[in-house]
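Taken in sequence, the protein lines are chains A and B. FYI, in my numbering the residues of the first sequence are 53 to 610. FYI, in my numbering the residues of the second sequence are 53 to 610.
Take the hints with a grain of salt, since some may be wrong.
One-sided and incomplete, this derived list gives chain A residues near chain B with beta-carbon spacing under 8 Å [said to hold, decoys possible]:
#1 G88
#2 L152
#3 M158
#4 A186
#5 N224
#6 R226
#7 L228
#8 K293
#9 T299
#10 T526
#11 A527
#12 W528
#13 A531
#14 G532
#15 G534
#16 H596
Calculated directly from the structure, the hints in this document are not laboratory data. Since this is a predicted model, take the numbers as computed values, not measurements. Beta carbons: idealized from backbone N, C-alpha and C, even for Gly.
Protein chains: 2
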Amino acid sequence: MAPKTDIEIARTAEKRPIQEIGAKLGIPPEALLPYGHDKAKVTADFIAGLEDRPEGRLILVTAINPTPAGEGKTTTTVGLGDGLARLGHKTAICIREASLGPCFGMKGGAAGGGYAQIVPMEDMNLHFTGDFHAITAAHNLLAAMIDNHIYWGNALGIDQRRVTWRRVMDMNDRALRDIVCSLGGPSNGYPRETGFDITVASEVMAILCLATDLADLQRRLGEIIIGYTRDRTPVHARELKADGAMTVLLRDAIQPNLVQTLEHTPAFVHGGPFANIAHGCNSVIATRTALRLADYVVTEAGFGADLGAEKFMNIKCRKAGLAPAAVVVVATVKALKMNGGVAKDDLKAENVAAVRTGCANLGRHIENVRSFGVPTVVAINHFAGDTEAEIAAVQDYVRGQGTEAILCRHWAEGGAGIEPLARKVVALAETDHHSFAPLYPDEMGLFHKIETIARRIYRADHVVADQKIRDQLTAWEEAGYGHLPVCMAKTQYSFSTDPELIGAPEGFDVPVREVRLAAGAGFVVAICGRIMTMPGLPPEPAAHSIGLNAEGQIEGLF
Amino acid sequence: MAPKTDIEIARTAEKRPIQEIGAKLGIPPEALLPYGHDKAKVTADFIAGLEDRPEGRLILVTAINPTPAGEGKTTTTVGLGDGLARLGHKTAICIREASLGPCFGMKGGAAGGGYAQIVPMEDMNLHFTGDFHAITAAHNLLAAMIDNHIYWGNALGIDQRRVTWRRVMDMNDRALRDIVCSLGGPSNGYPRETGFDITVASEVMAILCLATDLADLQRRLGEIIIGYTRDRTPVHARELKADGAMTVLLRDAIQPNLVQTLEHTPAFVHGGPFANIAHGCNSVIATRTALRLADYVVTEAGFGADLGAEKFMNIKCRKAGLAPAAVVVVATVKALKMNGGVAKDDLKAENVAAVRTGCANLGRHIENVRSFGVPTVVAINHFAGDTEAEIAAVQDYVRGQGTEAILCRHWAEGGAGIEPLARKVVALAETDHHSFAPLYPDEMGLFHKIETIARRIYRADHVVADQKIRDQLTAWEEAGYGHLPVCMAKTQYSFSTDPELIGAPEGFDVPVREVRLAAGAGFVVAICGRIMTMPGLPPEPAAHSIGLNAEGQIEGLF
């Protein structure tokens with residue numbers, strides 16, 4: 053019999069009422085706003101009452117550089133949460149919400165896999181509790197108010213050639229990347245070039261994920277720079293009086309969503325900023341709430357540790373005052389083989405030498421993560437075809453790095469298959485010998501921050517940038533934005549900016565092509581290479597085979 | 053002390069748990085999918101089990117031609133529902149959902165007013181249960197799949213100049229009315245002219261509101277014509293394999309939403325198609341479900357009776373096999389005065405003569421509604437400044453038309469203030485002397501249907517249309533669409549197509565400027581005059597003053 057697909061496993065899950073899941077964390081039923089019987093939002097009022105509680109231990113799950121072979125970061129996050137719960141620890145999981153658009157293209161959802169999944173999987177990959185729709189609406193209300201302001205006399209003197217605020221849609225729609233709007237005559241406004249990004253790329257998404265409460269959310273929304281006047285003075289959302297209405301649109305969305313794993317471990321699934329032009333972590337509010345309700349909170353960050361963990365530490369932890377108690381770096385034998393130079397079609401054959409070569413990628417990530425002063429362990433996410441010799445090669449290598457690589461079978465076995473990792477994580481987290489610190493201080497210059505990340509994390513020789521870019525960074529420092537952290541946007545496939553440079557490359561430069569100021573989110577984006585903020589659909593999109601079967605169940609979503 | 057505003061009344065409402073409201077109609081808790089504690093969707097499974105139940109009596113609330121003075125159709129619908137419930141009848145209300153975009157412009161929500169309101173009013177004017185967001189997503193997925201199909205080789209041979217399917221957004225954004233998309237080079241597709249409509253104008257919205265179940269929904273979505281090939285052959289959504297994924301996106305949205313009035317009467321609030329290019333009624337599924345659960349169901353239709361009631365009868369009732377048991381025509385003294393020629397600034401002064409003149413508008417609506425074979429009564433929606441003489445003038449006039457005009461004080465007094473009307477409605481509905489029939493048979497030619505509505509409802513002399521339009525109608529008849537009803541799109545302010553022609557005008561022609569085929573919704577749209585399918589924001593949009601107050605309550609939404 054073929055193994056069950058993720059959707060089949062999710063469909064047959066016996067879900068407990070969400071009030072029962074909330075009770076595990078001491079959340080009373082009246083503090084849960086139900087969405088159906090298996091999803092709920094935790095009310096802002098309840099969260100406000102938790103402020104004085106002590107916080108549990110935060111565990112970050114990150115990974116080697118992703119390959120088409122997959123490394124299973126979310127699956128390991130979910131499995132580790134279940135494993136910790138099995139050991140008797142009060143545990144919560146914190147992950148991001150899935151973007152709807154890509155589910156109709158080719159990427160599946162982001163709810164884990166096998167027997168380490170969060171349910172209801174279908175809802176999470178579709179509208180869920182409507183958070184992304186609310187973000188889309190808030191973003192596009194601001195966009196409409198910009199063109200409306202220009203239309204009715206433009207009192208603020210916005211230069212319509214310098215409007216930087218685009219529109220968003222939660223859809224893979226390449227036709228909207230570049231458009232000319234306001235055509236059709238005087239009653240439709242002044243034609244100008246603009247375009248759409250996918251909703252997860254919205255600064256509103258990043259703001260929602262970094263805001264500490266509704267007041268902070270509104271303040272950040274007001275800080276958004278929507279464009280410039282002719283003399284290049286920035287124009288803010290608050291000058292358009294858009295921040296109040298945007299906050300109202302996000303009033304429900306800012307409350308974290310509670311769901312459950314297949315093993316009924318509570319999971320907060322909230323927010324989902326892009327991991328390139330934004331910081332790629334779930335919301336600060338969800339993480340803080342979870343830490344105040346649980347002894348262990350397992351979370352993840354987007355892409356490999358060079359992007360995800362770095363931003364988690366330098367943006368999210370710095371800004372929210374968080375500190376991870378331990379970090380798990382996920383690797384798979386297959387992905388290490390690919391990092392060791394094996395082609396995708398040859399992955400099935402045992403190749404211990406390639407595994408050893410690929411371990412260089414893993415080794416550098418371990419070193420990087422440790423440089424933040426946090427204890428680190430490796431999880432080998434087990435796949436059926438892995439050989440004992442290959443697994444031993446990884447374990448030997450990691451032992452040589454002074455830590456441990458633990459084989460995890462959560463995909464096939466659920467929480468029971470990952471108990472050894474869970475025990476190790478508890479041991480590491482409880483030593484209290486760690487001293488977390490971000491990589492650079494707030495006061496460091498913006499260009500120097502970029503250089504620090506490129507040299508110390510990526511191991512680049514130099515950062516290359518036009519004088520224009522350096523001048524822009526200096527101008528922002530003079531305007532009072534110099535204290536912000538830097539959000540790096542580069543390929544997730546390599547430490548470098550060249551996706552082909554796998555393993556642990558050296559002797560390369562990092563070119564910064566563009567810098568952007570996300571004044572509301574509170575970071576400066578350094579774009580290194582081509583970053584796509586609106587994906588397209590493939591020739592045979594998943595949408596072709598998504599539909600309801602005769603029993604009314606959803607097929608084709610995975 | 054100033055009278056309370058709608059939002060103040062709504063905010064202090066003591067809402068009962070939604071399960072308690074469902075119980076009034078015999079809906080068990082497990083058949084309700086809660087959204088918070090005061091909103092729920094009724095499950096499709098439960099609805100499927102109701103099929104053999106007898107149906108209650110359907111009461112339509114319609115109105116004279118709207119004026120800036122307001123006629124209070126939704127308020128009367130809500131009040132009448134409360135009034136019937138007070139008389140001991142098992143009652144449900146069915147109204148449309150509010151569109152989010154206009155709430156940030158100048159129009160308030162659509163949840164009634166004063167003490168005849170449906171709550172939670174704020175939620176209903178914002179995201180509610182996400183139905184409109186789901187419709188937006190389904191509509192735009194189809195749009196993305198069209199451009200994606202063309203991009204990857206265009207196997208269906210779609211003529212990119214003849215793509216009629218636009219995109220939608222639930223926002224007042226004039227800048228999106230006319231755009232050129234797919235700019236920026238080969239990787240973004242083939243540039244072409246297109247644009248956005250507001251979500252309520254989407255054919256997907258009309259389809260959701262006319263579909264009888266999920267299977268019928270998918271069939272209708274598949275029937276959508278997205279454009280034409282070079283030789284003018286229509287291309288359908290099902291040829292793009294979009295119907296399955298669109299249905300999945302609408303799986304939750306098709307389930308009707310249950311909320312309550314201030315007096316705890318159950319209210320289904322579901323769907324909200326435009327009342328011009330679509331039929332302007334709440335969903336067939338909600339209406340049918342309500343009829344199977346209640347003895348009396350009070351519903352309304354968009355705009356005045358010339359548009360709303362006509363489409364309710366000729367499109368919704370015809371297609372769904374419904375028949376109203378009685379019709380209430382709402383009028384206000386102020387709006388009758390305006391129809392009698394009084395300027396807005398002079399409305400406060402008593403003017404019995406103008407009321408009498410304006411009654412001609414009311415009289416024609418009464419005559420029209422009766423021509424469908426349904427008993428009719430007039431509700432005078434009371435305003436504080438109305439004088440006894442003015443009210444008496446309306447009542448005298450209506451008596452002369454062979455029916456009754458009943459003064460209703462539901463805005464100030466809730467259900468108690470409208471009991472006399474409720475009693476009259478019951479008396480009319482229980483006579484069973486009525487014999488509902490639509491205005492024209494299915495077999496009548498499409499142009500002849502337009503003429504029938506224009507002559508018999510509007511009292512126009514002629515319908516004027518270019519040969520090109522007549523040829524198009526003939527072509528659709530030959531293609532098998534001749535049996536469809538006609539959906540008239542014209543101004544709501546006059547029986548004619550000239551908004552200035554108030555009262556009961558005669559001696560005018562109706563020009564048909566354009567015809568459109570909504571093959572999925574199942575009607576042919578005849579556009580008479582300029583119809584705006586994407587509104588703009590005013591110079592001082594409501595968004596400027598919408599925000600949260602110090603207590604976290606929403607201000608500025610009304």
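Checked hints:
For A/G88, the interface hint holds, since its Cβ comes within 8 Å of a Cβ in chain B; the closest pair sits about 5 Å apart. Taking 8 Å as the C-beta cut-off, the interface hint given for A/L152 holds, the closest approach to chain B being about 6 Å. Contact between A/M158 and chain B, as hinted, is not supported at the beta carbon level, the nearest pair being about 12 Å apart and thus beyond 8 Å. Evaluation of the A/A186 hint against chain B yields a held restraint, the C-beta minimum of about 6 Å falling below 8 Å.
Nearest Cβ of chain B to the Cβ of A/N224: about 6 Å, under the 8 Å cut. The hint holds. A cut of 8 Å between beta carbons decides the hint on A/R226: the least distance to chain B is about 5 Å, and the hint holds. With a cut of 8 Å, the hint placing A/L228 at the interface with chain B holds, because the nearest CB-to-CB distance is about 6 Å. Checking A/K293 against chain B: minimum C-beta separation of about 4 Å stays under 8 Å; hint holds.
Residue-level restraint check for A/T299 holds (minimum Cβ-Cβ distance to chain B is 6 Å; threshold 8 Å). Of the supplied interface hints, the one on A/T526 is violated, with its beta-carbon coming no nearer than about 30 Å to a beta-carbon of chain B, more than 8 Å. A hinted interface residue such as A/A527 counts as satisfied when its beta carbon comes closer than 8 Å to some beta carbon of chain B; here the least separation is about 28 Å, so the hint is violated. Interface hint at A/W528: violated, since its Cβ lies 27 Å from the closest Cβ of chain B, which is beyond the 8 Å cut-off.
With a cut of 8 Å, the hint placing A/A531 at the interface with chain B is violated, because the nearest CB-to-CB distance is about 26 Å. Hint on A/G532 is violated. Least Cβ distance to chain B is approximately 26 Å, over the 8 Å limit. For A/G534, the shortest C-beta to C-beta distance to chain B is roughly 31 Å, which exceeds 8 Å, and the interface hint is violated. Annotation: interface hint on A/H596 holds; nearest CB of chain B at approximately 4 Å, less than 8 Å.
Checked against the numbered hints above, the structure violates hints 3, 10, 11, 12, 13, 14 and 15; every other hint is satisfied.
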